[in-house]
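K.L.:
Those sequence lines, one after another, are chains B and F. Numbering follows this note's numbering, in which position 74 of the first sequence is assigned residue number 74; successive positions increment by one, without gaps. Numbering follows this note's numbering, in which position 11 of the second sequence is assigned residue number 11; successive positions increment by one, without gaps.
Treat the hints with caution; some may be incorrect.
[Said to hold, decoys possible] Under the rule of at most 27 Å between Cα atoms (straight-line distance), these lysine-lysine pairs were calculated in the DSSO-like manner: (1) B/K59 to F/K84; (2) F/K166 to B/K43; (3) F/K148 to B/K21; (4) F/K171 to B/K27; (5) F/K148 to B/K27; (6) B/K59 to F/K130; (7) F/K58 to B/K59; (8) B/K64 to F/K56; (9) F/K120 to B/K27; (10) B/K72 to F/K60; (11) F/K130 to B/K12; (12) B/K21 to F/K58; (13) F/K130 to B/K43; (14) F/K130 to B/K64; (15) F/K82 to B/K59; (16) F/K120 to B/K12; (17) B/K90 to B/K108; (18) B/K59 to F/K62; (19) F/K171 to B/K43.
[Stated by the list, open to error] A short list of chain F residues far from chain B (calculated; beta carbon distances all over 12 Å): (20) D63; (21) K65; (22) I67; (23) A69; (24) K86; (25) D151.
[To be verified] Each pair of labels, with its calculated beta carbon distance range: (26) B/K72 to F/P24: 29 to 35 Å; (27) F/Q140 to B/K72: 40 to 46 Å; (28) F/E49 to B/E17: 33 to 39 Å.
The set of hints was computed from the structure by calculation and includes no laboratory data. Even for Gly, the Cβ is constructed at its ideal location relative to N, Cα and C.
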Amino acid sequence: MVLNNIEHLLEKYENGETSLKEEQQLKNYFSQETVAPHLEMYKPMFQYFVVNQQEQFTKQLPLKSKKVFNYKWLSIAAVVVLMVSIFITKPFNNEELMLTAAEKTEIKNAKEALAIMSKHLNQGTAQVNYLGAINKAGTQVDYLKEITNPMDRLFKNKK
Amino acid sequence: MVRRNNINQPKEMTQLEFLNVVTPFKDKVFRLAKRLLVSREEAEDATQEVLIKLWKNKAKIKDYKNIEAFSMTMTKNFCFDKLKSKQAQNLKIVHNNYQDHNVSLQKAVELNDSLNWVEKIMQELPEQQKMVVQLRDIEQYDFKDIAKMLDMNETAIRVALSRARKTIREKLTKTHNYGVK
Numbered sequence: 001m002v003l004n005n006i007e008h009l010l011e012k013y014e015n016g017e018t019s020l021k022e023e024q025q026l027k028n029y030f031s032q033e034t035v036a037p038h039l040e041m042y043k044p045m046f047q048y049f050v051v052n053q054q055e056q057f058t059k060q061l062p063l064k065s066k067k068v069f070n071y072k073w074l075s076i077a078a079v080v081v082l083m084v085s086i087f088i089t090k091p092f093n094n095e096e097l098m099l100t101a102a103e104k105t106e107i108k109n110a111k112e113a114l115a116i117m118s119k120h121l122n123q124g125t126a127q128v129n130y131l132g133a134i135n136k137a138g139t140q141v142d143y144l145k146e147i148t149n150p151m152d153r154l155f156k157n158k159k
Numbered sequence: 001m002v003r004r005n006n007i008n009q010p011k012e013m014t015q016l017e018f019l020n021v022v023t024p025f026k027d028k029v030f031r032l033a034k035r036l037l038v039s040r041e042e043a044e045d046a047t048q049e050v051l052i053k054l055w056k057n058k059a060k061i062k063d064y065k066n067i068e069a070f071s072m073t074m075t076k077n078f079c080f081d082k083l084k085s086k087q088a089q090n091l092k093i094v095h096n097n098y099q100d101h102n103v104s105l106q107k108a109v110e111l112n113d114s115l116n117w118v119e120k121i122m123q124e125l126p127e128q129q130k131m132v133v134q135l136r137d138i139e140q141y142d143f144k145d146i147a148k149m150l151d152m153n154e155t156a157i158r159v160a161l162s163r164a165r166k167t168i169r170e171k172l173t174k175t176h177n178y179g180v181k
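Chain F on its own, in the form it takes in the complex (with noise of 0.2 Å):
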């Protein structure tokens, strides 16, 4: 009867109804489509992007059970398309001389930063251990939303999450003897 009531209802979303939808994940979305992308400016435009279809499709929103899950899952979707045509069109190059800059760019600005280490630590790592740190460690989305946006199961993701753990400590044990040394 409810869900009926729910159809029944002609009135259109408001903007500003939608953006009290959006606001309280839109950073998220952006942080992962940044996680998978790494330029901001195309985690920018992949987060337009996202809520602009969600925008569009805002008479059904209301049927959604869990808009922000289904919303992460779209951005997961959307940035590894984005990921797939430019490994086509071999971007790498370009996608490779960003993160150079980057790096070489925030080393004269801020040297011995070691939060950078830990960003290109986590850049390194399989596109997988990435979405499952950044929605846990970094989100703290619990593991059935985790599941459910990723489409895998919650073991899955433990392990997964568990290589990712384990990579950036071992490999933070290095650079921080480097340093000691």
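Only chain B is shown next, with the shape it has when bound in the complex (with noise of 0.2 Å):
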């Protein structure tokens, strides 16, 4: 390599200017056994820089991988319960939407069936309401336990 080359590098190099292909050429050169007596002071300076390159990290890494909860299944075990609760309080909320006119008509006759049947059973249950006097009967002759009670009393007296 020609010296001026090395010198001219140099200048370059104490300016900051230098590519790192540049600072490459001058590492090469100054870990050379002999340089350019004027220039042997640069010699430790990029003899330091290349040894000081292979200095490594040795120590042991102390990595756990620890099982961090995962909040994501939390959040999508969440959004499953808010579901399910919005379609037992509302079930089937659109679907009448979606219903055809036939169907409405159908479900129209449906409900006025239904009605029929239960005023005609409302109407049987109040047929047999009668019933109930029985009960109250039951009721008024209820006093006539107390009958019992004197005779008990008399037998204990006796004994």
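Put the complex together from the two separate chains, hints included.
P.N.:
Next up, the structure:
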């Protein structure tokens, strides 16, 4: 390598203008056994840089992969619960909107039929209402129990 | 679309994957920490801290464009905090004791080691110049990356680098002349 070139590179180097490639050239030059005497003082500097780049981190890394609670699943579960509860409180909310006119009249007919049926059932139960009077009579005859009371007392006294 | 896919991927990095990401630059992290903290032990602790912090954030690691630059910045900040708290606790004396011990010990081993002089000169540089020399002359990062790591513009980096290089050369010239005389 031409000495002139090295001197020129050193000047650029000290001004912070060299490229990485040029800096490598300087490192190569100063790693030689003999360098120009007037450049001798640069030698330890470039050698130091090269040697220092080889220092290694040798300590063991304590890497533990602890199981962290996964909040993603919690949010998924929350969404599921929310959707189920909405479904339970307002079931088939949208279905009414999706029904055709024919289906609607069908439902209406069914409702009417059910209404008539329940009306007749109510009538039936009303007719059997008088049976309640039996219960009433039953309670009215309850005082008869009291007759047994004085009888017991009488027997006790005898003993 | 690609970004979305990355985010949606629920799989966590395994330990092996993490080490594969970190191994190419963990030594650089360590060397930067050592440049700033001087003590090898403290630099090892700092490196450990930085890598463990990365490991804890491994879920986000894939979102970072440049994990290496990010790690170097983390290292710089961590070491600065360390240095600050040290100063606050007046532990500077301990720090100096360590240096003296280090130099005398190495002197005993190899009296005439000129590389130790460079080490000593580097230690006397201002923090910013230390880092710039470390990242450029030792780690050979390009200016764009150093600018990102140190949050400086490239001109400022060149200026700091130039000052540091001149200082090292001047001081080496002095010691070189002493050696000759």
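K.L.:
Each hint should be assessed against the structure and marked as holding or not.
P.N.:
Here is how each hint holds up against the structure:
no.	hint	verdict
1	B/K59 to F/K84	holds (25 Å)
2	F/K166 to B/K43	holds (14 Å)
3	F/K148 to B/K21	holds (21 Å)
4	F/K171 to B/K27	holds (19 Å)
5	F/K148 to B/K27	holds (25 Å)
6	B/K59 to F/K130	holds (24 Å)
7	F/K58 to B/K59	holds (20 Å)
8	B/K64 to F/K56	holds (9 Å)
9	F/K120 to B/K27	holds (20 Å)
10	B/K72 to F/K60	holds (16 Å)
11	F/K130 to B/K12	holds (20 Å)
12	B/K21 to F/K58	violated (35 Å)
13	F/K130 to B/K43	holds (19 Å)
14	F/K130 to B/K64	violated (34 Å)
15	F/K82 to B/K59	holds (19 Å)
16	F/K120 to B/K12	holds (25 Å)
17	B/K90 to B/K108	holds (21 Å)
18	B/K59 to F/K62	holds (25 Å)
19	F/K171 to B/K43	holds (13 Å)
20	D63	holds (17 Å)
21	K65	holds (21 Å)
22	I67	holds (16 Å)
23	A69	holds (16 Å)
24	K86	holds (21 Å)
25	D151	holds (18 Å)
26	B/K72 to F/P24: 29 to 35 Å	holds (31 Å)
27	F/Q140 to B/K72: 40 to 46 Å	holds (43 Å)
28	F/E49 to B/E17: 33 to 39 Å	holds (36 Å)
Of the numbered hints listed earlier, those contradicted by the structure are 12, 14.
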